[in-house]
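Novice: Please arrange chain P on chain C, whose structure you already have, making use of the hints.
Residue numbers (the working numbering), protein chains in the order written: chain C, 6 to 656; chain P, -6 to 310.
These aren't lab readings, by the way, just hints derived from the structure by calculation.
Please note that the accuracy of each hint is not assured.
Chain C stretches covered by chain P per the calculated footprint, using a threshold of three residues with CB under 8 Å from any CB of chain P [unchecked claim]:
| id | segment |
| --- | --- |
| 1 | 150 to 164 |
| 2 | 168 to 175 |
| 3 | 248 to 254 |
| 4 | 257 to 267 |
Among chain C residues calculated to face chain P with C-beta under 10 Å, some are [as the list claims (entries may be wrong)]:
| id | residue |
| --- | --- |
| 5 | Y178 |
| 6 | K237 |
| 7 | N238 |
| 8 | G239 |
| 9 | T240 |
| 10 | G271 |
| 11 | R272 |
| 12 | M274 |
| 13 | I275 |
| 14 | R276 |
| 15 | G304 |
Glycine is no exception: its CB is placed at the ideal position from the N, C-alpha and C atoms.
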Amino acid sequence: MSPSSCGAKSMWRNRGIAFKLILSISVSSAFIVILIFSFHYHFSRRIIEKNVEMNAQNLVLSKANRIEAVLSSTQKVPENLACFLENSSYAKEELLQILRGVVENNPEIYGAAVAFEPYRFSGKSLYFAPYFYRSDGKIAFSDLGSESYQYFSLDWYQIPKELNRPQWSEPYYDEGGGNILMATYSVPFYKTVEGKRQFMGIVTADVSLEWLQNIVSSIKVLETGYGFLISKNGTLVTHPLKDLIMNETIFGVAESRSDVNLREIGRKMIRGESGFVPFRGIVFGKLCWMYYSPIRSSGWSLAVLFPQDEFMADIRKLNRIVIILGIVGLSLLCLAVASLARSITNPLRAMAQVTEVIATGNLDIELPDAKSSDEVGKLLEAFRYMKGSLKDYIQRLTETTASQERIESELKIAHDIQMNILPKTFPPFPDRQEFDLYAFILPARKVGGDFYDFFLVDQDHLCFVIGDVSGKGIPASLFMAVTKTLIKATASRLISPGEILTGVNRELCRGNESCMFVTIFCGVLNTRTGEVLYANGGHNPPLIVRRDNEASFVAGKRGLVIGVIEDFVYETDQLKLQSGDALFMYTDGVTEAANEREELFSDDRLKRKISSLQGKPVQEIISGVREEIARFSNPVSQSDDIAMMIVEFKG
Amino acid sequence: MFLGVSHLAGAESTLKQASFIPQWNPQAQFAGYYVAYEKGFYKKHGIDLTVLQGGPNRPSSAFLTQGKADFGTLWLSTGIRLRASGQRIINVGQVMQRSALMLIAKKSHKIENPQDMQGKKVGLWSDDFQIQPKAFFKKYNLDVKVIPQSFSVNLFLRDGVDVASAMWYNEYHTIVNSGLNPDELTPFFFHEHGLNFPEDGIYTLEETFKRDPSLSCAFVKASIEGWLYAFSHPEETLDIVLKYMGRGKIPANRAHQKWMFNKMKDLITPPDHRSAIGVLQPSDYQRVADALKEGGWIKEVQNYESFFVWCEKHVEK
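This is chain C alone, in the form it adopts within the complex:
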């Protein structure tokens, strides 16, 4: 893609909706208007041209018919005379009388002659051509034939003779100098002598063509249109330009204009064709349409010019109006589109501004009013609704966050309390050399269900407990606190661990609506002998860490979990610790710690670890196990509470 078109594209993209709307709508509307205009112009022009052609044809034909009518009525006179001469015998006097009558009785006839072939009328004279003509309102006579007027080779005589048919002469100016345009109709006549048709001579009638000029010059078309008539030779017989009349042929005009087309038109005209053709007027040089049609009897051709600019004037006016209307309409359309676009873009622009403000967190800003219920109005409404919802949501969120924070802080307090109810000072009995004890707890949540406890029942007996309440969180911790208090209260009297658990179980079962339960390992160490009495309420068996042997799980009986069956009796087992032996207790959070592959830490791994830590101080053993668990389960987060406690007998 070239950079310029890319630039144009981005320029288009960067423009506003209003600009795009106006441009695309106005361009496409302009295109439609132009299209309609062109079609309209084209078709109306064709219609007008067709009408003009019809008008032209009617006009020319009606004029041509009028001319034809006059010519053919004139033709009758010499034709009748020729017929008479062919079919009758006549004396000179009779002939002259008839000929005179012809001129006298036919006002349109200017002169008439009967011209005979040499020696045909009388064997004595070469010429005989009596001629009667009008002169100063009278009928004058002349005998045409003379040495200086040898009519035999003149057109009016010779052409019909050679062609054996009547002929109209080319128009000519009258010899008398009257400057009257004339034409002569010549009819040959014959006599049958001994079965042979013999040419005798010519009958002529001269007619003035003034009437013809009047008919043609009366043709006025629109402002400057006119008619003209050409003879059989193409000579201009009538024309608004007087200089051209009888002095120029249409072919001469074509020659001086170097107009091959006009010459071709002229040829068609003198061939007797008719047509409707474009033509550049001779008088004004205007582009015209010309209709031409022949005058059959004389071979002349009548043409009428229709100036194109004049007959197209109405349509041009109409076109101007259409163009102006189109421009006005387009402008109005642009204005309408602009205002429509503004009604869309103004709220949008306002909304964009408002959105920017909202983005900074200010939800109290006022939205512009929706002035309509169209898409933009709906968008505004939706936006307003969204703003309200957002506001509510944020408010609720703020409140929730506050309560969450409160709970969090309460949980923190609960944790602190929980931690505080567990003994945390190590070594707990610094003055007692015969045993050592260390414990550790890490709740999975802020507050957990695991617990441990230890206390001296009397001078020689150390009671120690580790437990795991079912469930987690506050309920578990509360249950744990109750359990711990119950144990401490029960164990304050010197009784066996089994009795302690049986008593605690009974107490916990009463009113345990929530069906919580707890596993407890409870032991009492005789600090003088190293004898340990213990009872197990469903808890993981502790590990005995012998000084000279590897660790092993306590084999004593594992009773039911505490808090389920009220009347359950827990038995007491016993074992003996030698000096340096220790008892390691833990909750299931230790052995069930899982790694990424969902493998459990397991009893075996715990046992091996404890064995490897044999002989170390109690605190180090605990922290060693802690580190091992952390290493094993990394990066999986702790899922259950972890509690560990170790009691070493030093005897």
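Specialist: Positioned in the frame of chain C, the structure of chain P alone reads:
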């Protein structure tokens, strides 16, 4: 100023009076003479000329022989016949070198070669205009029906004759401007058929020449100057020709006169483009005179030197 006027007046006084008549109505055929007069060439050569109007009823031959005009133009064939008939006229300048007379036929009448005219109707003018056509028919052994032709070509246009006489510079153009295209016509130029009869030449009486040879020579010289000026100023020339036609009340058509004038240049310019304008070539004289004798128009062929006087040579002598 004063000097100028007196000089002019002096010049006027020494001008020789003379008159001239062309053999037809004013038209571009005589453009050179009108131009020479209008541009003052005759005066420059010491002649106070009167230009007479020619025409069908004012034949230049009669004006010359009757002494009504000092100079006049005639066809070469006319000049030879006049002299053969005893008129003491001489040619002092053969202006046209080629014959413009022609026969013309329509191709639609199936006439494309001289032989095609056999038995056809041919329109001929009278007198000298028949010399070449008749020699032409003889040459091609043609038997045609001769129809007298008037001054119009309408008989031909309306198919009253198959072949018409025409002058190349006149009727040919009239026919074309009556709607017949050149490609529809078959022209027969006599000079293309070994019958080149040079036409217009300047004639005077032998007596006039002998009385003052310098006058005749000055007239010829000024006339040729007129033609040369005309050839280099065609539009001005046409203006002058149209002025003379208007004065003579002859219908004038500029396009037609232009055609005629352009043809004059072809007819007057010597075919070899080297010889001087106005010289009668002995071969041309011989051809025309022989043809006239053969056609029975004249009895004797007079010698060339007695018929034609070329001033430059004459002066040398």
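Novice: Does each hint fit the structure? Answer for all of them.
Specialist: Going down the list of hints, with the structure as the test:
1. 150 to 164: Result for this restraint: holds, n = 7.
2. 168 to 175: With 4 residues closer than 8 Å to chain P, the segment 168 to 175 of chain C meets the three-residue bar; holds.
3. 248 to 254: holds (count 4)
4. 257 to 267: Our answer is that it holds, as 3 residues pass the Cβ test (under 8 Å) against chain P, meeting three.
5. Y178: Constraint on C:Y178 satisfied, holds at 9 Å.
6. K237: 7 Å, holds
7. N238: 4 Å, holds
8. G239: Cβ of C:G239 sits 5 Å from chain P, so the hint holds.
9. T240: Holds: closest Cβ of chain P sits about 8 Å from C:T240, inside 10 Å.
10. G271: 6 Å, holds
11. R272: 5 Å, holds
12. M274: Where the cut-off is 10 Å and the nearest Cβ of chain P is about 8 Å from C:M274, the hint holds.
13. I275: Since chain P brings a Cβ to about 5 Å from C:I275, closer than 10 Å, the hint holds.
14. R276: With Cβ-Cβ at 8 Å, under 10 Å, it holds.
15. G304: With a closest approach of 9 Å, the C:G304 hint holds.
In terms of the numbered hints stated before, the structure departs from none.
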